[in-house]
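Visitor: Taken in sequence, the protein lines are chains A and B. For the first sequence, my numbering assigns the number 13 to the initial residue and increments by one for each residue that follows. For the second sequence, my numbering assigns the number 9 to the initial residue and increments by one for each residue that follows.
Careful, some of the hints might be misleading.
Partial selection, computed: residues in chain B whose CB lies under 8 Å from chain A [said to hold, decoys possible]:
hint	residue
1	16
2	20
3	39
For each label pair, taking beta carbons as the anchor points, the in silico distance ranges come out as [stated by the list, open to error]:
hint	chain 1	residue 1	chain 2	residue 2	range
4	A	240	B	82	38 to 48 Å
5	B	18	A	74	55 to 65 Å
6	B	18	A	139	35 to 45 Å
7	A	305	B	135	49 to 59 Å
8	A	55	B	135	28 to 38 Å
9	A	389	B	80	27 to 37 Å
Residues of chain B clear of chain A, computed beta-carbon distances all greater than 10 Å [to be verified]:
hint	residue
10	17
11	28
12	29
13	124
14	141
15	161
Everything labelled a hint here was simulated from the structure, so no lab data went into it. Quantities reported herein were computed from a predicted structural model and do not represent experimental measurements. Note that beta-carbon positions come from the ideal geometry of N, C-alpha and C, so glycine has one too.
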Amino acid sequence: MQAHALEHEHGHGAPSGLMRWVTTTNHKDIGTLYLWFAAVMFLLAGSMAMAIRAELFQPGLQLVSPDFFNQLTTLHGLIMVFGVIMPAMTGFANWQVPLMIGAPDMAFPRMNNWSFWILPAAAILLVISLFLPGGAAAAGWTLYPPLFIQGGISYDLTIFAIHILGASSIMGSLNIITTILNMRAPGMTLMKMPLFVWTWLITAFLLIAVMPVLAGAVTMLLTDRNFDTHFFNAAGGGDPVLFQHVFWFFGHPEVYILILPAFGIVSQIIPTFARKPLFGYASMVYATASIAILSFLVWAHHMFTVGMPAVGQLYFMYATMLIAVPTGVKVFNWVATMWRGSLTFETPMLFAIAFVALFTIGGFTGLVLAMAPVDIQLHDTYYVVAHFHYVLVSGALFAIYAGVYYWLPKWTGHMYNETLGKWHFWLSMISFNVLFFPQHFLGLAGMPRRIPDYAVQFTEFNMISSIGGFVFGASQILMLIVVLQCIRGGRKAEAKPWEGAQGLEWTVPSPAPYHTFETPPVVK
Amino acid sequence: MSTSVAQANRVLLRRLSLLALAMFGFGFALVPLYDVLCDITGLNRGDIQALARNTQVDYSRPVRVDLVASVPQGVPMRLTAPSRPVTAHPGELVQTEFVLENLSDRPLIAQAIPSYDPPLMAKYFKKIECFCFREQRLAPGERRTMPLMFVLDQAMPAGLPTIAMAYTMYESPSAPKR
Chain A
13 MQAHALEHEH GHGAPSGLMR WVTTTNHKDI GTLYLWFAAV MFLLAGSMAM AIRAELFQPG
73 LQLVSPDFFN QLTTLHGLIM VFGVIMPAMT GFANWQVPLM IGAPDMAFPR MNNWSFWILP
133 AAAILLVISL FLPGGAAAAG WTLYPPLFIQ GGISYDLTIF AIHILGASSI MGSLNIITTI
193 LNMRAPGMTL MKMPLFVWTW LITAFLLIAV MPVLAGAVTM LLTDRNFDTH FFNAAGGGDP
253 VLFQHVFWFF GHPEVYILIL PAFGIVSQII PTFARKPLFG YASMVYATAS IAILSFLVWA
313 HHMFTVGMPA VGQLYFMYAT MLIAVPTGVK VFNWVATMWR GSLTFETPML FAIAFVALFT
373 IGGFTGLVLA MAPVDIQLHD TYYVVAHFHY VLVSGALFAI YAGVYYWLPK WTGHMYNETL
433 GKWHFWLSMI SFNVLFFPQH FLGLAGMPRR IPDYAVQFTE FNMISSIGGF VFGASQILML
493 IVVLQCIRGG RKAEAKPWEG AQGLEWTVPS PAPYHTFETP PVVK
Chain B
9 MSTSVAQANR VLLRRLSLLA LAMFGFGFAL VPLYDVLCDI TGLNRGDIQA LARNTQVDYS
69 RPVRVDLVAS VPQGVPMRLT APSRPVTAHP GELVQTEFVL ENLSDRPLIA QAIPSYDPPL
129 MAKYFKKIEC FCFREQRLAP GERRTMPLMF VLDQAMPAGL PTIAMAYTMY ESPSAPKR
């Protein structure tokens, strides 16, 4: 009878006004909210990055105090990871997973509404912490004690923000797993699911496994700070290194949480524009699962310098290198999908190809850092900064761009401006490399990260990097313009705007109606 | 959504929530788990990292250290030194305790001043932790046990089988101001 009532209530289109967005339980509305939240947070954390690059334009202290610089790097990292990439990927999941598996909505629509609407609270906590006495948390996004235990009230707010962000991710993951496992259209077996759905299923399991561990770790920080526990306080018999172990038990799976949905998006886009089915679908699924399992076994490669016995270093070194095998399988499959395909180079495909090339560079520098003796030299230098920006910006973020351009016609019913989209791609691609490639050299030469000043011999590469940074930042405004234009109008998009696209989402009209697949489609 | 799917969804939600709860507990379980792991492998045990093992100890030279405590006349405090002399080897970390009592019914602020015999030992007597580093604020009638940790520098001259260090506990001149 509940089903009957729902059908009756949902007989009409989208309600209007602000309350539509606050009370919505529609997966498409919530997906849109997630994506816009990520966009706003991206501009915020991006402007922090601009301030960082402006300060680093030349040696010496010019624009910001060292303490504020530390707050900028901390908030930039925290917001980009928890406020941009993760919500954007969840936005994609909300929009696309029901459309791709032929489900009418997510499994728990009301919980879905909650998992979005607690996010702004976390964002507000992080932002107001900037204006409290002592400023925002300045101990780095990794929150290491003892520094993190010594800060002021804003450090507690940061902990609460992480609790909220974690709760949101866990609720989102519960929803996504249940939707995928229980609500697929008849005939949609697990091994017929689009790869984006597979990667999100695995990501959601990772999230449920590790976000609670992070919640535990920051709770221990909270009680150490306020209730005289000594988990990480050496004076009370605790151990600050313990935090690093617990944090990276979360942190390494977390980096795959950020990248696996990106793998999924790219695995949808490359076959479309190569007009060939994805090469090695089953091996892609198994590779994704292997990466997820291995991610639990390599955490201490983030902490080779804490004084680990040689046996430990060797284990973590080899285990880390092992991850290159399933990742290599994926890169091989993407290239093999393009091999002898009828390629066309629309903006989503350009971003997807850039993803494959640049993410692979980031993967290779990851292999370099996996070598314990090399890592001890490069630890906490700009080489590490370059490495993780190659995997997170040209990896996760470029995949998000690719996905936005790819599905924008389905979401808005209009084609975006292809010329401007290509401008956005080329400006981003070139300026990204100008921004981050020199940072490899800076790191190899020994420039430490998270420091507002540097020795004069690093000046030229920092200037080049900053110029790249400003161009990259400005280019993203272009994307905002393309998206806004596309929402307001443009050439009408067909139900299947891309010739080679496959999948259930292209069987519904563009824009996708407010309610889709109320009668499940049948998959052959 | 049919009732059977909604039912299956609720069951799965319950199981996954339990998994999330269990992982929250696992985060805390990591604390003792790491301790156990360190015990089994012998990694990262505190005494190995302590200064005493990092320094080369000259066990061929036992030095008797007489610790003496006194309080000037008229100051209502009692400072008690360890009752037995301490035997220390140069380079070895030595830990002992003094006891301070406030015999009056008012709060006291006290400061200990050391002196050495022979006086040149001041150079070789390396204190790691000492109650003389800071003022001691005592409530009326309070009794306090205070640590002293020191290392005798290996460079100390030979031929000194016995040395002495005396603490005199003064009432701090800053006391009347507060």
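Visitor: All the hints need checking, so say for each whether the structure fits it.
Guide: Hints, verified against the model:
1. 16: Constraint on residue 16 of chain B satisfied, holds at 5 Å.
2. 20: 5 Å, holds
3. 39: 6 Å, holds
4. A:240 with B:82: 38 to 48 Å: 39 Å, holds
5. B:18 with A:74: 55 to 65 Å: With Cβ atoms ~58 Å apart, the hint holds.
6. B:18 with A:139: 35 to 45 Å: 37 Å, holds
7. A:305 with B:135: 49 to 59 Å: Since the Cβ atoms of residue 305 of chain A and residue 135 of chain B sit about 53 Å apart, the hinted range of 49 to 59 Å holds.
8. A:55 with B:135: 28 to 38 Å: 55 Å, violated
9. A:389 with B:80: 27 to 37 Å: Roughly 58 Å apart at Cβ, these two residues miss the hinted range, so it is violated.
10. 17: The assertion about residue 17 of chain B is violated, with a minimum of 5 Å to chain A.
11. 28: Check fails; 5 Å does not lie beyond 10 Å.
12. 29: Check fails; 7 Å does not lie beyond 10 Å.
13. 124: At about 29 Å from chain A, residue 124 of chain B clears the 10 Å cut-off, so the statement holds.
14. 141: 15 Å, holds
15. 161: About 25 Å separates residue 161 of chain B from the closest Cβ of chain A, which puts it past 10 Å; holds.
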